[in-house]
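A.B. asks: In order, the protein sequence lines correspond to chains A and B. In terms of numbering that gives the first Met the number 0, the numbers along the first sequence are unbroken and rise by one, the last being 222. In terms of numbering that gives the first Met the number 0, the numbers along the second sequence are unbroken and rise by one, the last being 76.
Calculated directly from the structure, the hints in this document are not laboratory data. From a predicted model like this one, the values you see are computed outputs, not experimental measurements. Built from N, CA and C at the ideal position, the CB exists for glycine as well. None of the hints are false.
Here are some chain A residues pointing at chain B (derived, C-beta under 7 Å):
| no. | residue |
| --- | --- |
| 1 | ALA49 |
| 2 | TRP100 |
| 3 | ASP181 |
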Amino acid sequence: MSREPTSQSTRALSGVPRDPTSRRWVAQLHARHPRHDQAVAKLHDMLRRAALHELHRRRGQLPGLAGPELEDVAEQCANDAVINIIKKVDDFRGLSRFTTWAYKFAIFEVSAKVARHSWRHQPPGTEALTLERLPDALAARPGDQVERREQLETLTRAVADDLTPRQREVFVAVALNDVPIDVLALELQSNRNAIYKNLFDARRRLRASLAAAGYPIAEQEGR
Amino acid sequence: MTDLHAFDELLRAHDGDAGCDAGVPIMEEYVEMELRGQDPSTRFPGTTIHLRVCPGCRADHDGVLEAARRFGDVAPE
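Could you put together the complete structure from these sequences and hints?
C.D. replies: What follows is the structure, encoded as structure tokens:
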């Protein structure tokens, strides 16, 4: 996987926040500022509304949660986001508006809490995850049936024989059984990046196995 | 015609994918570029590739973008 230019590498170029609103947020969130409490309350309200909106956007992953319960979760997300922002306010270097940076904290809190809720209410039991979903994953597409069957057999063998146990577990869960990466990460006591790397490596290896068997798959552009 | 699209979809692993962690510290810059109508793929090509493939990171990105668009740049006073 490649690397991106990081905030760290651009900090020297940016210095303090450039826009006046962001500068006021940073100043007022410092504990000794006379408007500290009002700024914290305003930030909390802003992030609670953003978190509630995001929870509604992800409500498909929150079976059984509605109304006041969603508002409670939004409140928790805002609480945790505000604590983190106050802790890290001096890390903000004005590479975006302060509010865009702050929304990120709230959305990450929502993401983590949604994954934990899904995991608690519907943990991905490994006995339910099956390689038999492979034909389903490739179904309902036109194609030459004989060649398709051979490709499927090759792919099934490669999943069984060519992947490490962890790569197989992750590929079967995420790619074939639609288990969200964050939920699987909780189940395996891992994290999103590590699970994604397992999945990436598994896909690379399966592509190589298909190519070696005479079924090369070119990457489609713009996907 | 074979099921190349279906296989490609199932086995998506594109060169240059920056992975999940690379997008975390630059998420606000990435979103801010989009809000300004700029193309973030010029500065963060690996994250652009990653966001096409990783549903978790895409959901987070979409959430930040949606929040910034909907709730905007609020002042502290």
